[in-house]
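This is what each chain is made of:
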Amino acid sequence: MLRLPSFDYLQPKTLREALKMKQEAGAVGMYVAGGTDLYPNMKRRHQEPKVVISLAAIRALRRITGGTRGSALSVGAGVTLTELRRHRRIRSRYAAVAKSAELISTPILQNMGTLGGNLCLDTRCNYYNQGYEWRKSINFCMKKDGDICWVAPSSPRCWAICSSDLAPVAVAMGADFTLVGPQGERVVPASRFYHDDGINYLTKQPDEILTDMRLPATNGWDAVYWKLRRRGSFDFPVLGVAAWIRWEGSRAAEARIVLGAVASHPLEVATAADAIVGTELDDDAIGAAADAAYKPSKPMDNTDFGLAWRKHMTREYVKGALKELRERVRRAGMGR
Amino acid sequence: MANRKPPPRAKAHVGLVVNGEPTEVSFAPHKTLLEVLREDLDLTGTKHGCELGECGTCAVLVDGQPVLSCLVLGLACEGHEVRTVEGMRDGPDLHPLQQAFAELGAAQCGYCTPGFLLTAEALLRHNPSPSREEIKHALAGNLCRCTGYIKIYEAVELAAARIRGEHAEPAREAVYGRE
Amino acid sequence: MDGSKGRKDGKLAGRKGSDQPSREAGFRVVGTPRWKVDAAAKVTGETLFADDLFLPRMLYARILRSTEPHARIRSVDTSRAEAIPGVKAVLTGAALPIPFGILPVSQDEHALVPDKVRFVGDPVAAVAAISEEIATSAVDAIHVEYEPLDTIGSIEEAVDTIEPRIHDYGPLGNFHKLIDLEFGDVDEALAAAEHVREDLYFYEGNTHLAMEQHAALAEWSADEKLTLWSATQTPHYVHRALSKVLAIPAAHIRVIACPNGGGFGGKSDPFSHEIVVAKLAMLTGRPVKITLTREEVFYCHRGRHPTLMWVKTGVSHDGTIRGMHFRTLLDGGAYGSYGVASTYYTGALQTVTYQVDRYRFQGARVFTNKAPCGPKRGHGTPQPRFALEIHMDKIAEDLGMDPADLRLQHLAPAGSLTANYLSIGSMGLRACIHKVTEGARWKDRFRKLPHGKGIGLACSSYISGAGVAIYWNNMPHSGVQLKCDRSGGVTVFCGSTDIGQGSDSILAYIAAEVLGIEPLDIRVVTADTDLTPVDLGSYSSRVTLMTGNAALQAAERARDLIARAASKKLNVSRDRLVFADRRVFDAEDPERGSSFAEAVQLAEAEFGTVGTVGSYTPPNSAGRYRGAGVGPSPAYSYSAAVVEVEVDPDTGTVLVPKIWIAHDVGRSINPINVIGQVEGSVYMGLGEALMEEMAYRSNRNLVHKIPSLLEYKSPTTLEMSDVVTYLIEDPDPNGPFGAKEVGQGPLLPIPPAIANAVYDAVGVRIDEVPITPEKVLKALKQKAAGLEPRFGPKSFPVIPWPEPIRIPPPWEGGDGRAAAAEAAGSGGRAGRAAAAASPFLEERQH
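Residue numbers (numbering that gives the first Met the number 0), protein chains in the order written: chain A, 0 to 335; chain B, 0 to 178; chain C, 0 to 845.
Take these hints with a grain of salt, some might be off.
[Stated by the list, open to error] Footprint (simulated), chain C over chain A, 3 or more residues, beta carbon under 8 angstroms:
no.: 1; segment: 173-183
no.: 2; segment: 220-231
[Unchecked claim] Calculated pairs, DSBU-like style, for lysine-lysine (alpha carbon to alpha carbon, straight line, at most 30 angstroms):
no.: 3; chain 1: A; residue 1: K12; chain 2: A; residue 2: K49
no.: 4; chain 1: B; residue 1: K10; chain 2: A; residue 2: K12
no.: 5; chain 1: C; residue 1: K657; chain 2: A; residue 2: K322
no.: 6; chain 1: A; residue 1: K297; chain 2: C; residue 2: K780
no.: 7; chain 1: A; residue 1: K294; chain 2: C; residue 2: K704
no.: 8; chain 1: A; residue 1: K322; chain 2: C; residue 2: K780
If you are wondering where the hints come from, they were derived from the structure by calculation, not from laboratory data.
Predicted, not measured: the structure shown is a model, and the values here were computed from it.
Positions of the beta carbon are idealized from the N, C-alpha and C atoms, including for glycine.
Take the sequences, apply the hints, and build the full model.
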């Protein structure tokens, strides 16, 4: 059976304690929340911490506050995906967040995995998420133990993809993340939390802890998340489409369209958003947005399905997501 | 190859509640709950199919919630309540789910069965009358290669009805096929 | 609670009555839904699978596997591994030089490869240590130097590459096997036919993916006896392989097959790790266990052969099949395994569903540097069935016929001999087709549903055990010993292995039926080479029929003994004695009788210890030509399925909301478990049809692309279709109580029925599995562009076929022998003739 390597396991009760433990452990220390990403990776020797610092017992990370009319919603990074998808306020007012949590992995893993864990999910690649012996067979890859990115061997960078379902939603909604580190607290917009690099994919420093996600108050905006994968469960996204629109009446006043799983970071496609701003999301506008999103969507040979189909599906899913938003605003309009 | 030195790392000593009984157990700190249950507590009813969180076979309940024991550290269970398939029987009586699985042949090879039973038990605890769709969604994190899941759904429905106090029997079609 | 009734007598409450056929036939146990004998253990977690065993002082083994797809081993340096504290033994290929393999004709595997690795995952070295962690570190510390060789990654490359050869045997180059059998002049039939259709199909490889990873535990006793517990479907063959490779007498080896956590054919070969732990136990004097990782299970594989197929059929206007020419080309992977049998199976069963006047089969298997293929549920027949059933659909369209009618009008008759000399017994396909077409409202909906929705039909047949053993012998295929205790308890001993299909229960049900006791009165002891008589194993869907017949014979002999004694005591003639309700009594005066236990005591007093034996040998097959050993079966099951699909024309996504399936099982011994097998087969067929795939990176050292449960896509609850199951009972004279197989056959119609339904939905032909959205969308785009609305293979390579063996079909004066020259040596006694027909021995006969 596949086992974990040996390490020391620490269970701090407070953020301060956790930071101190990490400082003492240095580079060989790593934080863990639900463990559903880190432990499989450790079993396959992607990450080899000697000290694992669990954030599970830190109560401050489990709070959900605000989100009532006119106030921002703050969700602690330690909130589990199950809590996230079942939370009444989140379901009603931030449905895209609940929806994307519900689409992550499996119901059992949702009991374990956390918001913070999914937002910080290690980038994934079919050349990387493999056992040690397998990776040895291809002489490893640059993300771990090797020199080359097998997805694009002539490229100097790693093309592992952002496989988080919540990250595109957070970027589309304009979320802010709070990070706490030895130097104190800082707030980073979700859009600047990620790098387009498979190895160095987070702007978070290793000793910083993501403590919460703040979502803007609901005031006339709406968002949806569409996830493409082979099966209805287990699978990471091979494409995610998060779409956000601030409505003025039935007209889109502002919009963001963010693609997941087509780059090492959530890919915001401004040209796609521009195509719908000012429109009532007629079919032509939606088509133009889908075309605009199609262009920069460059799936690589690093996950399930063929590249051409995944690219094709960008268009289909952007259309689908925008049509869903249009239907919702129309229904809301009729109900008014 | 002789080695007379004791192992370099001391074992962790942990107290937890397993199947309702306060339990103390010592193990190497990196061991998962799966390994601790099977190797240190002799509870081999919990099986494993990948050890990477990709199949649901090793599901157990921690504080009533299904989790994958291959991705939970034994150390993290200190003070928590763990329930395995061995704890499902009530004295000599089978749990209604176990009973229904046996009646309907929902356990073929039986290897994924403990994980399904515990996941289903957690479902029925907070939803005593799940629809077929709700059962499918609740069990979407457990893979079974033998049954095609159908007998499992039927067993969960049968058990749910009996837990609700209904006098339920397997449907004729489930037992003999469609006329 | 209510169901406790079920627990006491093992059968379901409230199901008595005369509303099922078996009741009408007068059975008490057969045909009634009831618990399996291991049901309670399975649902409580008490069943001990191989990895659940722990022995005192047990060591853990790990195997180092090749990281090269094709390379000579220059050196293996184990010194660093040996120096690690806690390591107790390190093995390399030099320690296990004797080759093995499941078929006598392909003894091409080594427990640890001594000289040349043939795929990424080939076992190279092994370690036993006091913990699995230490064993893993030790394996890491072994250094292997490889000298890479050119690789062969595909069927086409194998056909084109003469050198290097992956193996130094086989007809030439990288061909492992070439077959050419002709039953009547097919070219002539095609030339004369009113319509001829030619098609190409491809069936991708896929794997069993049993949830249990293979595990084995070996113990070497101080008196030099070996015990191996293993997750194997074939303890008898493992027993033979251990004796051969370890060079110790088989009588000193005990193999115990633990209940398998799923098999599906994936645990049917003797495996490297089984031999390795045995050797490590011998070297260390301590028990040694190994549990493979999921990745290693992918390397054990032995799954579905990727198969390219070409078929050309000539029909009359009414659809009568005048001649069929079928070619298959199998990617065997790196070793022989069951491959010779698999290759024959791709050509064997085309004739048992629809009458074929003349038939020619050409089959070839090649070696490639990938995990070895072998038998997976349906062994060698899902591929040609996929091709044939789509081909029939296309022919029906060509002829302007309804595909259901085309099939119904040309069914192979019950009790007939096919062109290739297979003896069909009972044949319930007509009833199967009627059931599913009525259930699915076929006539109302076929070609009538809106664009994007469709239904498709396919049929199939499968063997209930093979007519010829894997190694030539004239002993029974299955044996049962039955012990009647004076307590009234009965123990049935049989070498069969329960892999979840319920074979242990079949033994109990049948013995209980005959002896008039309850299945739960019976203890079943199985799959232990020390304790149980040989059964060849859980493969070929042979177990219910063969062990069932053996159990039936043993139980009838016991009943006869008991009846003789009871008849004296009760003063009732033997033919009036009834065994029922745990009693033996006078049919005409039920009060006059004794309990079963008392009757056993009478028999024991009269005859001594009451023990009987039963055995089963399949009937000789009608074919007498070389290769005739694959295909014959005591009985053929039949299935028909209608599948409903929804295809999204914008994305190519295929959903399968509902499947209707009817299966002719001959007789349900326990209908609830028959339905379970049907549903499970449908599930596996669905996965193969839509998403499962053994994919390799041809450009990256031929590694398996996705050796994990996450990326190898097994359908979840959310992909599984609703299934309506109809059981057809057309009892077969060769089956116990008429029973035929059910474990494999119902998989077969699912992939072609889905392909046919996709065509009905959106008008494109997907002539290969898996039917992925990419392929559907490509075909739709081609259709939109006015090109061929199809996705599938475009050509079949030129193969150096051998001179065909020509066997005239029965209706052209044939007697099952090859014409003229090939007939030499096949004229002897039946036994010798059967040996000549066995395809697994021919290399030795040359």
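Checked hints:
| no. | hint | verdict |
| --- | --- | --- |
| 1 | 173-183 | violated (count 0) |
| 2 | 220-231 | holds (count 3) |
| 3 | K12(A) with K49(A) | 20 angstroms, holds |
| 4 | K10(B) with K12(A) | 22 angstroms, holds |
| 5 | K657(C) with K322(A) | 29 angstroms, holds |
| 6 | K297(A) with K780(C) | 21 angstroms, holds |
| 7 | K294(A) with K704(C) | 28 angstroms, holds |
| 8 | K322(A) with K780(C) | 24 angstroms, holds |
Against the hints set out earlier in the document, a violation occurs for number 1 only.
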